[in-house]
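Heads up: the sequence shown begins at 351 in the numbering used here, then just goes up one per residue.
These aren't lab readings, by the way, just hints derived from the structure by calculation.
Check the hints yourself; a few may be wrong.
Stated by the list, open to error - Result set (DSS-like, lysine-lysine): computed pairs, CA atoms no more than 25 Å apart in a straight line: (1) Lys417 / Lys389; (2) Lys356 / Lys436; (3) Lys437 / Lys389; (4) Lys376 / Lys417; (5) Lys373 / Lys410; (6) Lys436 / Lys389; (7) Lys376 / Lys355; (8) Lys376 / Lys389; (9) Lys373 / Lys424; (10) Lys424 / Lys437; (11) Lys417 / Lys433; (12) Lys436 / Lys379; (13) Lys389 / Lys373; (14) Lys399 / Lys424; (15) Lys356 / Lys417; (16) Lys410 / Lys437; (17) Lys437 / Lys373; (18) Lys379 / Lys417; (19) Lys356 / Lys424; (20) Lys356 / Lys433; (21) Lys399 / Lys389; (22) Lys373 / Lys355; (23) Lys379 / Lys410.
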Amino acid sequence: MSSDKKDEILSSFDEFQNYLNDKISKGEKLGLSEDQLAKGAERVAEYLKNHEAPRNTEEKLLQEMWKVSDDDEKHQMAHVLVKLAKKEGN
């Protein structure tokens with residue numbers, strides 16, 4: 351992904367949710383289960399935690415929650431992020 355595209359996605363929490371919704375929709379069309387989608391969201395969150403500085407208060411809150419969560423809690427948060435992104439896409 352280009353740096354400009356990444357900047358566009360991370361410029362606001364709404365853009366990030368739209369990006370997730372698009373990827374979730376594509377995953378559902380491919381037949382991915384809710385659990386598989388959540389695992390993908392976990393990978394995105396882990397990447398962001400390790401490689402990107404939060405650009406807004408929502409991202410900062412998610413990053414801090416992610417840092418203090420154990421694996422089970424992260425998995426549950428990923429499910430919630432999938433639900434949130436799907437809701438925002440409707």
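Going through the hints against the structure:
As the CA atoms of lysine 417 and lysine 389 are separated by approximately 17 Å, the hinted pair is consistent with the 25 Å bound. The straight-line distance between the Cα atoms of lysine 356 and lysine 436 is roughly 20 Å, inside the 25 Å bound, and the hint therefore holds. The straight-line distance between the Cα atoms of lysine 437 and lysine 389 is roughly 18 Å, inside the 25 Å bound, and the hint therefore holds. Between the alpha carbons of lysine 376 and lysine 417 the distance comes to roughly 28 Å, so the proposed pair goes past 25 Å and is violated.
Between lysine 373 and lysine 410 the alpha-carbon distance is near 22 Å, which keeps this suggested pair within the 25 Å criterion. Taken as a hint, the lysine 436 and lysine 389 pair is honoured in the structure, with Cα atoms around 15 Å apart against an allowance of 25 Å. About 18 Å separates the Cα atoms of lysine 376 and lysine 355, which keeps this hinted pair within 25 Å; it holds. With a C-alpha separation of about 15 Å, the suggested pairing of lysine 376 with lysine 389 holds against the 25 Å cut-off.
With a CA separation close to 19 Å, the supplied pair lysine 373 and lysine 424 stays within the 25 Å bound. This hinted pair checks out: lysine 424 and lysine 437 have alpha carbons roughly 20 Å apart, not beyond 25 Å. About 21 Å separates the Cα atoms of lysine 417 and lysine 433, which keeps this hinted pair within 25 Å; it holds. A C-alpha spacing of about 13 Å is found between lysine 436 and lysine 379, which places the hinted pair at or below 25 Å, so the restraint holds.
For the given pair, lysine 389 sits about 13 Å from lysine 373 by alpha-carbon distance, which is consistent with the 25 Å threshold. Pair hint lysine 399 plus lysine 424 holds up; C-alpha atoms about 12 Å apart against a cutoff of 25 Å. Annotation: proposed proximity of lysine 356 to lysine 417 holds, straight-line Cα distance about 22 Å (limit 25 Å). Using a Cα cut-off of 25 Å, the hinted pair lysine 410 and lysine 437 holds, with the two alpha carbons roughly 21 Å apart.
A hinted pair counts as satisfied when its Cα atoms are at most 25 Å apart, and lysine 437 with lysine 373 qualifies at roughly 14 Å. Taking the CA atoms of lysine 379 and lysine 417, the gap is near 31 Å; set against the 25 Å cutoff, the hint is violated. Distance hint between lysine 356 and lysine 424 is fulfilled; the C-alpha atoms sit about 23 Å from each other, no more than 25 Å. About 22 Å separates the Cα atoms of lysine 356 and lysine 433, which keeps this hinted pair within 25 Å; it holds.
Between lysine 399 and lysine 389 the CA atoms are separated by roughly 15 Å; this keeps the pair inside 25 Å, and the hint holds. Distance hint between lysine 373 and lysine 355 is fulfilled; the C-alpha atoms sit about 15 Å from each other, no more than 25 Å. With a C-alpha separation of about 31 Å, the suggested pairing of lysine 379 with lysine 410 is violated against the 25 Å cut-off.
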